[in-house]
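Mapping the sequence shown onto the UniProt record's numbering, position 278 (from 1) lands on 278, and the numbers just tick up by one.
Careful, some of the hints might be misleading.
Claimed, not checked - Here are the simulated lysine-lysine pairs, PhoX-like style, with alpha carbons at most 20 Å apart: (1) Lys224 with Lys248; (2) Lys295 with Lys167; (3) Lys214 with Lys247; (4) Lys44 with Lys224; (5) Lys224 with Lys214; (6) Lys295 with Lys269; (7) Lys295 with Lys170; (8) Lys167 with Lys200; (9) Lys529 with Lys567; (10) Lys214 with Lys248.
These are calculated hints, taken from the structure and not from any lab test.
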Amino acid sequence: MKNAFQSLSFRLVGLTAIMVILGFAAVISYSTVSQYQNAQDNAKSYLSSLSAQYALDVQLDIEEALVAARGMANAIEGPLRNGSTDRDSFAQIVENTIRRYPNLVGGAVGFDSNVGGNDNDFAGKGYNDKAGRLLPYFYQDGNGGVAWEPLALGGDSGSELWYDLPKNTKQEVVTEPYVYPVNGEDVVMTTATVPIFNAKDQAVGVATTDMALKDIQVRLSELKLFESGTVSLITSTGMWISHPDDKKLATIEKSTALATVLKELAAGKSFYGNINDSSVGGDRYLSVQPVTFGKSDAIWGVIVSAPESEIMASANDSRNLTILLSLLVVIAVIAINGLIGTKAMSLLRKVTDSMQRLAEGETDIQIPARDRSDEIGAIARTVEVFRTNALDKQRLEAEQIQLQKAAAAEKKATLDQVATRFQQGVSTLIDDIETSVNDMKSFADNMNVMSQQTRTRASEASSSSDTANQSAQAVASASEQLAASVGEIGRQVGQATSITSEAVAEASRSNENVQSLAQAAQRIGEVLKLISDIAEQTNLLALNATIEAARAGEAGKGFAVVASEVKSLATQTSNATGEIEQQVIAIQNETKNAVESIGHISTVIGKIDEISTVIAGAVEEQGSATQDISSKIQLVASGVGSILESISGVDEVSIQTDTAAHSVVETINNLDKKVQALNEEASRLVSEVRSA
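Could you build all of it, start to finish, from the sequences and the hints given here?
Shown next, in the form of structure tokens:
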């Protein structure tokens, strides 16, 4: 079993399996992460878009009541500002509005005491209460008609929210939802209130509409997302307006899970995130979109939520399917690879057996798998080459034995011929050497005389060369100092040139910046001209509006005041635009002067840069010439030194030549002795070769 684990087939199959498993693991991991991320992104986009859509629906529903209240307030406020005391017409405006809006539970108009006339004059009359105050509340009677009753203020009526608050803040109000009995049934509803102002812009009353939230509750609670996703509506204070659990309606949420959501909602911000929900056994994703109404401070929030398990269900299913398919592919790859590996290893074993027999000297064998086109076939064909080479080796060894015998006989004859030629050649060579030795003795004597004369002349030349060398060294030193001075001047001029070049570039950039400032000032002037034209047109329109308001009489007084304010603002805008235009003209003039000054500076710096460049070029030429002189003088000094060294060398060589001449004579004498010995040794060698 151990040998099986160590086999090549097992290793190949195991390595392939590991690579395939790791590859699929990487693909599955990347695919799973990508699918989860895409699922989360899609869920966020989906939930956020739904919450925004439903928030808009709720806003339109509630603002319908607010628009109705605003219309009643505007219709009542106009006549009231003009001093009208027709309270019945005020009440009928509300009654007609409620009749036109059957989806509203009811609506009211309420005045402070003695507004629209003296309350004593209206006590118990028309739509006034027993004290004479106008406080009628109109409501749907359930039979297709509209009934009314006087409103009660104070106590548990909640009037501090729908009456006192809008009057005191002079702002529209959408109240916190509350439960109110309608036709014998408790209904969650809200009130939209708009303040009514008199001619002195004092809030003296309100116009209100009541809207039941039942339709919104039902519509939102019936919406389903995934399998158990929900849509809810909550106020920034935590009161549930719509919730899948009816028991939570009109109650305050006290759990800490939504604390962060309510905090963001109170700030008017949307929210997306997840909270732990024990009812689904995991996290629940939320998208909260704030809902605002007109100019009121009320903020509600639409919450669209769904369990994480449902959001990620498709991603989980895709992951599981990917894992299953990957396992099947891995198993198939390992099985196929195992079959191929087993068959390949069987053929390899047969080929290795043949190789072993061939190594033992057995050549009468058949090599399997030679006709295959893969690597195993290549190995088998290689083994066949080894077998063929072994057969060739055996044949060559037999031929080699025959060749060695023939070569021995031929060698004997050849040696005889070589010995004879060698003896003849050596004799002639020794004769020539003896003649040359005699000639060399005569030459050595003459060389000894000439070396003595050379030593005398070299001594005289050495003295003259030493004087020339000292003079050349002095001139070279002076030339080097001159070259250093010229080089320093060149560096200083180069630095000045660099500085002036930077100044030119900086002046150019400054000129571009000032040009940009001039263009900006020009554009400001054009914009101011446009503003001035608009102010003149506005002034003309305000004048026309004032004339039309005068024609309208009492009904146009309020419009005349507004037109007068618009005309005043237009005049102020025109005057301010004129002053700014004068400042812009001054800036443009100063900018023009700055452009001219910077241009003059750029010209002067450019001339300085040109002069510096000319100086730098001249200094550079002078430096080059001086350096060339210094180099030449150095060469002269070096040459004189070399001559001096050469003369000294000649003297030394003369001494060495004299010594060598004596050595040559001695060497020639020794050579003569060795030539005689060579002649004797050659004769002995020839005798031994012939006797071999």
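Here's how the hints hold up against the structure:
1. For the hint linking Lys224 to Lys248, the alpha-carbon distance of about 18 Å falls within 20 Å, and the restraint holds.
2. About 14 Å separates the Cα atoms of Lys295 and Lys167, which keeps this hinted pair within 20 Å; it holds.
3. For the suggested pair Lys214 and Lys247, the alpha carbons sit about 14 Å apart, so the restraint of at most 20 Å is met.
4. Restraint check for Lys44 and Lys224: the C-alpha separation of about 16 Å stays at or below 20 Å, so the hint holds.
5. Using a Cα cut-off of 20 Å, the hinted pair Lys224 and Lys214 holds, with the two alpha carbons roughly 18 Å apart.
6. At roughly 17 Å between alpha-carbon atoms, Lys295 and Lys269 fall within 20 Å of each other, so this suggested pair holds.
7. Straight-line distance between C-alpha atoms of Lys295 and Lys170 comes to about 10 Å, which keeps the hinted pair within the 20 Å bound.
8. Using a Cα cut-off of 20 Å, the hinted pair Lys167 and Lys200 holds, with the two alpha carbons roughly 14 Å apart.
9. Among the hinted pairs, Lys529 with Lys567 is consistent with the structure: their alpha-carbon atoms are about 18 Å apart, no more than 20 Å.
10. This hinted pair checks out: Lys214 and Lys248 have alpha carbons roughly 14 Å apart, not beyond 20 Å.
Checked against the numbered hints given earlier, the structure satisfies every one of them.
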